[in-house]
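Numbering (numbering that gives the first Met the number 0), first residue to last: 0 to 135.
Since the hints were made in silico from the structure, they are not lab data.
Keep in mind the model is a prediction, meaning the values are calculated, not measured.
Yeah, the Cβ is synthetic: ideal placement off N, Cα and C, and Gly gets one too.
Treat the hints with caution; some may be incorrect.
Okay, the calculated beta carbon distance ranges per label pair [as the list claims (entries may be wrong)]:
| id | residue 1 | residue 2 | range |
| --- | --- | --- | --- |
| 1 | Glu59 | Leu133 | 18 to 24 Å |
| 2 | Leu67 | Arg126 | 25 to 31 Å |
| 3 | Ala134 | Glu37 | 30 to 36 Å |
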Amino acid sequence: MNTDIKHIAALVASAIWADGEYDEAEKIVVGEIAEAFELDAALFAQEIDAAVAELGTMDEEQVNNYILEHSAEVDDDEAAMLYEAALQIITIDGVVGVEEIDNVLAIASALGLDEAQAVLLFADLIREEPEIELAY
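Using the sequences and the hints given, assemble the complete structure.
Structure representation (structure tokens):
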């Protein structure tokens, strides 16, 4: 990975922030993300915990600025993989709400991904996991 672990953790934590809860299922996915990105799992979990705590003190505008700040430091070749990690976080509980979609689309945009590409990646995930419920 060319992107610093702090920036990866910050963006994954931003996806966690969207539903306001960091549960056990998300912690398991965080471990899987660490493995996929070839990161030290314990260090990544610490970075996630710190980022989740920091995000908990922010309002939506501050979170958007946080996303922009950390996305600017992501290697272009790793942007799509990081967006897919955010999608894994928001879908792990089996329910995806409007706030979570707003959040991951903000992450995708900040990472420089085309909106259509971001939507197609999400649609592909939904196709593979048909049990995911969409909460309007």
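Taking the hints in turn, this is what the structure says about them:
For Glu59 paired with Leu133, a C-beta distance near 21 Å keeps the hint of 18 to 24 Å intact. Our hint of 25 to 31 Å for Leu67 and Arg126 holds, since their Cβ atoms are close to 30 Å apart. Distance hint check for Ala134 and Glu37: the Cβ-Cβ separation is about 34 Å, which falls inside the suggested range of 30 to 36 Å.
This entry satisfies every hint, going by the numbered hints stated previously.
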